[in-house]
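Quick note, the sequences are listed as chains Z and V, same order. The first sequence begins at 140 in the numbering used here and counts up one residue at a time. The second sequence begins at 1030 in the numbering used here and counts up one residue at a time.
DEER-style ranges, computed between Cβ atoms:
1) F1166(V) - E188(Z): 48 to 58 Å
2) L191(Z) - E1095(V): 44 to 54 Å
3) A161(Z) - R1169(V): 23 to 33 Å
4) E1095(V) - E188(Z): 55 to 65 Å
Note that these hints are calculated values from the structure, not bench results. Virtual Cβ for every residue (Gly too), placed ideally from N, Cα, C.
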Amino acid sequence: MTAVIVSYQRALLDGLPPQWDALAYSALFGVALFILGFWYFDRAKDDFESAL
Amino acid sequence: MIADLRALVDRRELLADFAWRELRARYKGSVLGFAWNFVNPLLQLIVFWLLFGVVLRTRPVTATGEQPYAIFLFVGLLPWTFFATSLQSGASAILANGPLVKKVRMPLQLLPAASVLSALANFLLSVAVLFAVLAIFGPRHPEGLVWISLLIVVQIVMNLGFAYLLSALAVFFRDVQHILGILLLAWYFLTPVLFAPSSCACSTSIR
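Bound conformation, chain Z alone:
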């Protein structure tokens, strides 16, 4: 999240583009997390009813 927050601050307070390498790291993490999260949710959702 650091890269994302700093990018907001750079854009709005300094008018500068993001630091690409740091933001790319965050973006890749986000995509990987989305795939993992959705995959786990998809697998687990059939057991929700019995666990609730």
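Guided by the hints, dock chain V onto chain Z, whose structure is given.
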């Protein structure tokens, strides 16, 4: 998995309904109602501004120099709130809708997405307030606006990832919701929302 993802697009009206319901439900019965969505970050802003800006006299320095503390805080606080709200309401998306999950057959993947969507709507509304504040008080950097939409997309993907993972985990391990509060607090202080990375003793290692 692809078919399940597609349901998010096919059932977008239901998704929007859920998100809208969540936005209204959060402050249901309170006097200010929907306005709490704005008042909450504003009050947080005032508390932190008084503590760090006035009492501790923090002067955040960014790439182009010193910034007014309240403005600096406002810029960081809104995306953080979007992140934290997405995770917290995302984590309870399935648990809080238990009766619905048990009784109604519907694509369950809509629920965490609706949590993130309602947080996004909230965020976009408060960003409009932020833009108005920046236009009046400055600094004015319209060229920086280009990057904002990209940052929002990165955040949406990340928040959705967390929301799906946490909502499913929370069903089996109820502790998730309680641990999340503390983790988010620690994460909050590790992220440069309240201070500029340049003011940290370890500034070279922080990005």
